[in-house]
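*Asks:* These are the residues of each chain, in order.
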Amino acid sequence: MLPAMPPPTDVVFDAVAVYPQKATLRAALHSRDWSTCRAVLDAAAPMDRTALIGHVSQERGIEPFLRSVLTVDPADGTAAALLGTHLIDVGWEIRTGKRAKYVSREQFAQFREWLCRAEQVLIDGAMLNPGDPAIWKARLTSARGLSLGLAEVRRRYDRMQAADPGHLPGQFQMLQSYCPKWDGTWEQLHQFAREATEATPPGSPHAVLIVDAHIEHALDEGGLAEMVGYLSQPHVRADIYQAAQRSIGHPDFTRGYGWVGALSTFAMCFTILDDRNAAATAFRELGVLATEDPWHYLSANPAEEIRKARAWAFGGTR
Amino acid sequence: MITELAVDGVPVLLAPTTGPMHAGLAFRVGLADEPLARRGITHLVEHLALHSIGVADYHYNGATTTEFTFFHMQGAEADIVAFLNGVCRALTDLPMDRLPVEKEILRTEENGRGGNPADMLALWRHGARDYGTVAYPEWGLTGITPDDLRAWVTRYFNRGNAVLWIAGPGLPDGLELGLPDGERQPAPAASSALPVRPAYFSGPPNVVAWNAIVPRGAAAGVFTAVLERVLFRSLRQESGLSYTVRSGYEGRADGTAEITALADALPEKQGAVLGGFVDVLAAMRLGLIDEADMTAVVNQRAEELTRADETGGLLPGRVFGLLTGRPVQTLEQDLADLRAVTGKDVAEIAAVACADGLLMTPGRTRADWAGYAEAPAESTSAVEGVAYPMINHPEVRLIAGDAGVSRTGDDEIVTVRYAECAAVLAWPDGARRLIGHDGIQVQVEPTLFAGAGTVVREIDARLPAELRIPMPARDPDTIPAPPPAAPKPTWRDRARVLGGYASRYAWLAGLTLMTLVCGLGALFALILLITGDEDAPGLGPLAVMIALAVVMGRAAVAQVREMRE
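Those sequence lines, one after another, are chains A and B.
Mapping of the first sequence onto our numbering: position 60 corresponds to residue 60, and the numbering continues sequentially without gaps.
Residues are numbered in our numbering as their position in the second sequence, beginning at 1, plus a constant of 1000.
Rather than coming from a laboratory, the hints here were simulated on the basis of the structure.
Source: prediction; values computed, not measured.
Certain hints may be false.
Stated by the list, open to error - One side of the interface only, derived from the structure: several residues of chain B facing chain A at Cβ under 7 Å: (1) A1199; (2) L1286; (3) G1287.
Said to hold, decoys possible - Sample of chain B residues with no beta-carbon within 10 Å of chain A, all distances over it, derived: (4) L1005; (5) L1106; (6) E1110; (7) G1143; (8) W1152; (9) P1195; (10) Q1237; (11) L1274; (12) F1320; (13) G1371; (14) R1462.
What the hints assert, rightly or not - If you want the footprint, here are the derived chain A segments under chain B, 3+ residues with CB under 8 Å: (15) 112–121; (16) 125–134; (17) 143–152; (18) 155–168.
By construction, the Cβ of each residue, glycine as well, lies at the ideal position given by its N, Cα and C atoms.
Extracted from the complex, chain A is given alone in its bound form:
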């Protein structure tokens, strides 16, 4: 059965579409208006707050401002989380997202330097605000980049869990650490994704962790053909469909934190698995919205990739 409406041609990645308050936050950050920044972030639920911090942390030139905020109030956990995340972003931009063998010595040295600066902001932030999951989430990322080892990453994860159980933004970071390209093994990765999913009620977006784990595993297989081959294995297919039922396909699935990312991920998997109906359902829910991740794995132009996939799902040709 094909939908009556023509597919939208737009692809919107901007988080403002999901978080209208991002515009206010960004403007307040630019005008160095910390009380408005705090008002926006304090009003957000924990996972949304962490997401919002991540959406503005790449703004340039905010370090001096955030340091001045911390000078006035060293215990401002929000400022610590934002500054720490910002410093990590700067470092990671220098490192680039490439595999280690393609990163130069000089890039690694600078990367480490920025992460060390981030960590020193985050250590104090975490001690003064042990219940702030955004700080612990940032410390998961810095620990991974600083090669502090899986045991330390896990210790931080446990602290984050104590602060906010099932804090999905941090769970995505933990998932990365469990990848063999960082510190873990495939077994640990899949087990973590399963356990994190099972710890949350059906309808929550956490089951996307299971799919993300499979995508990471699939990417490691080689090119696109191998990736398709991996995801098409019966047990992987079954995992993906079960995860969909538990999250985006569940009646309790809401448009809370992570809903666009989850739908976007499932839409890509269903496209790869050649399930036009399931892909169309996900795209219909998304409307024009999408996330670059994980589409960027398929193409340097994820918007174009999404447009094509959506057209196909809504009845077009491949």
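With chain A held as given, fit chain B onto it using these hints.
*Replies:* Relative to chain A, chain B alone:
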């Protein structure tokens, strides 16, 4: 209630006890006073002094600590009198015939000691002098002579440098002591091998340890105990990462105190133990001191002090205080000081301690990310002088100059300057190990560096004899041999490898000869050509000879330059 008395010119602190009588004679001398080349001399004196006491079934012992040496005994009054008089008699006339045997006993005792975290922290913090020498083996034992011992005893084991404690009803009859006259010897100033603090270095894989020097006092003591509670809670109770978690407080003569803390770790959990440890220290630095922890610590400490006071257990500490010029406090004063400690005091000490901290990270982990500077493990520069390349590995070089000795290569420089040399180990086979004040060492192995025999003679001539530590002969198998040559050396390298210097001279001579032959040949041919001789060669052979002469000549000059380096 403490009574201050004197016996034979030695101050005495007397206090009643509810338990058995005990007494101790303490001297202001310890490991920190020993130059590295005399390391072990105080311990040797202690052993010799106790030897004459015999092997009877008494509760007596001696101890040599960083700043003090003491002899103590628990028992009947008459036995205590005999013990103290006996020790003093032995100190004035050490049984030198026992010297070889006691040295052997000490060596055996030392073999049972491993490098513990406290020693490693001391070494990295202070280097190879005063408070750092505790980390080194008793290297002085071999070379110590009866004269050395007499000089040491005269300086340190005298009535001016001693204080006696007695826990009992009164001063016992018959106490004579009879120590010679002498002066109070102040403890040495503590050296630092850490240009920047807080700092870190990598230690064994199964432990995280930390120390700091702070102003001594009740607040520092409370902080030490609070730190242990918080570490225990975080690393053991909450996360199950460590089993043993401990902290320690030790006052120093100069008015400071050393605070030490450690937590053990399974190697696979080392990163998490380090991370948890760093977080706890950061929380302390930020002044996050829990009132409940404070209260618990103060109450526990007050009870310990009160109990210890009943049995005279506080006397040794008071004696050490007196030996370093601190007035004798009463229990009431101690308790008042303790109760007066506020959270703010502890937070202030915590901030000072964390700023001064030295962290021993487990295995290859680092702590740069937490704001700790890497403690120096190598030197900043090499001395100027003659370079001796390592046989087969010329990139490693031994450099000997007027200022000292360096070894360079493998991206590392280690230098010991003669003016800052703590000791030199000397093996009969010619090997030398120079140890700098900063603890950095340069090993000179004559078998590894062609011409290093000259360096050994230079070292022996330049360093004063009192820095020399004679070492026993090494098993020939343990004397290092040059590493095998790098695979596939170039033809020039191979020529050099064959016989070190000899072949290099032969190579130079050959090059020079060939230059001369080709040059003269070319000159001769040129003359023939100019004079129009019929036998003159063509322009081709002439050019070849000139070219050969130039190539050989340049190679010879290059060789001379290289050998000069």
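*Asks:* Does each hint hold? Answer for all of them.
*Replies:* Okay, the hints, checked on the actual structure:
Annotation: A1199 (chain B) was flagged as interfacial toward chain A, and the flag is violated, the nearest CB pair being 15 Å apart, outside 7 Å. Interface hint status for L1286 (chain B): upheld, as the beta-carbon distance to the closest one in chain A is roughly 6 Å, under 7 Å. Below 7 Å, beta-carbon pairs count as interface contacts, and G1287 (chain B) has none with chain A, the closest being about 10 Å; its hint is therefore violated. For L1005 (chain B), the shortest C-beta to C-beta distance to chain A comes to about 52 Å, beyond the 10 Å cut-off, and the non-interface label holds.
With a cut of 10 Å on Cβ distances, L1106 (chain B) stays outside the contact zone with chain A, its closest approach being about 41 Å. The Cβ of E1110 (chain B) lies farther than 10 Å from every Cβ of chain A, with a closest approach of about 35 Å, so its non-interface assignment holds. Residue placement check: G1143 (chain B) keeps its beta carbon more than 10 Å from all beta carbons of chain A (closest about 46 Å). Distance to chain A confirms W1152 (chain B) as a non-interface residue, since its nearest Cβ pair spans about 48 Å, more than 10 Å.
Every CB of chain A is more than 10 Å from the CB of P1195 (chain B) (nearest about 19 Å), matching its label as outside the interface. In this structure Q1237 (chain B) is separated from chain A by more than 10 Å, as the shortest Cβ-Cβ distance comes to about 13 Å. Listed as a non-interface residue, L1274 (chain B) fails to keep its Cβ farther than 10 Å from every Cβ of chain A; the least gap is roughly 7 Å. Once the 10 Å rule is applied to beta carbons, F1320 (chain B) is consistent with being away from chain A; the minimum gap is 36 Å.
At roughly 5 Å, the least C-beta separation between G1371 (chain B) and chain A is not larger than 10 Å, which violates its mark as non-interface. In this structure R1462 (chain B) is separated from chain A by more than 10 Å, as the shortest Cβ-Cβ distance comes to about 40 Å. For a cut-off of 8 Å, the count of residues in the segment 112–121 of chain A with a CB near a CB of chain B stands at 5, and the three-residue condition holds. Three residues within the 8 Å Cβ limit are the bar, and the segment 125–134 of chain A against chain B gives 3, so the coverage statement holds.
Only when three residues or more bring their CB closer than 8 Å to a CB of chain B does the claim for the segment 143–152 of chain A stand; here the count is 7, and the claim holds. Only residues whose beta carbon comes within less than 8 Å of a beta carbon in chain B count, and the segment 155–168 of chain A has 3; three or more means the coverage holds.
Hint compliance for this structure: hints 1, 3, 11, 13 are not met, and every other hint is.
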